[in-house]
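Colleague: Sequence:
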Amino acid sequence: MFRTTVAAAAAFVSLALAGQAAAAQPVVTVKLETPVAERVQLVAGGAVFVCQDGECIANAPTSRTFAASTCKDVAKKFGAVTAFERGAKTFDSEQLGACNAAALPKTQVANR
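Counting in our numbering, the sequence shown runs from 112 upward without gaps.
These are calculated hints, taken from the structure and not from any lab test. Computed from a predicted model, the values in this text were never measured in an experiment. C-beta: ideal position from N, C-alpha, C; glycine also. Some clues are possibly wrong.
[What the hints assert, rightly or not] No more than 30 Å apart at the CA atoms, straight line, and that leaves these computed lysine-lysine pairs for DSSO-like:
#1 K200 / K188
#2 K142 / K200
#3 K142 / K183
#4 K200 / K187
#5 K187 / K142
#6 K188 / K142
#7 K183 / K200
[What the hints assert, rightly or not] Here are the simulated distance ranges between beta carbons:
#8 A199 / A179: 16 to 26 Å
#9 V138 / Q206: 10 to 20 Å
#10 A179 / V138: 15 to 25 Å
When you get a sec, could you build the whole thing from the sequences and use the hints?
Modeller: Laid out in structure tokens, this is it:
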């Protein structure tokens, strides 16, 4: 009985610590040049981005989320990106330029 209780407690602690580690992952934030008209979701880089106003946030990013291909996917959908960040990591101007090469023209963004 004691061993079963100890094993169950150890399993609970392991799951709790794993949950804390997952929660500690920084979100990925994308700032848009042109705000979206309404709250919308986009799946990109293995994560769900929730976009509202001039910002898109992925609260549960994967290892693929903070990548140039993800930035380009967001730019294709919503237009130019002014910032792409994960915690202390940010895209520099060169990376943003490459990302924005995929961006929709402003006239198409306004119609979305």
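Colleague: Next, verify each hint and record whether it holds.
Modeller: Here's how the hints hold up against the structure:
{"no.": "1", "hint": "K200 / K188", "verdict": "holds (23 Å)"}
{"no.": "2", "hint": "K142 / K200", "verdict": "holds (14 Å)"}
{"no.": "3", "hint": "K142 / K183", "verdict": "holds (13 Å)"}
{"no.": "4", "hint": "K200 / K187", "verdict": "holds (22 Å)"}
{"no.": "5", "hint": "K187 / K142", "verdict": "holds (14 Å)"}
{"no.": "6", "hint": "K188 / K142", "verdict": "holds (13 Å)"}
{"no.": "7", "hint": "K183 / K200", "verdict": "holds (17 Å)"}
{"no.": "8", "hint": "A199 / A179: 16 to 26 Å", "verdict": "holds (18 Å)"}
{"no.": "9", "hint": "V138 / Q206: 10 to 20 Å", "verdict": "holds (18 Å)"}
{"no.": "10", "hint": "A179 / V138: 15 to 25 Å", "verdict": "holds (18 Å)"}
Violated hints for the displayed structure: none, as all numbered hints are satisfied.
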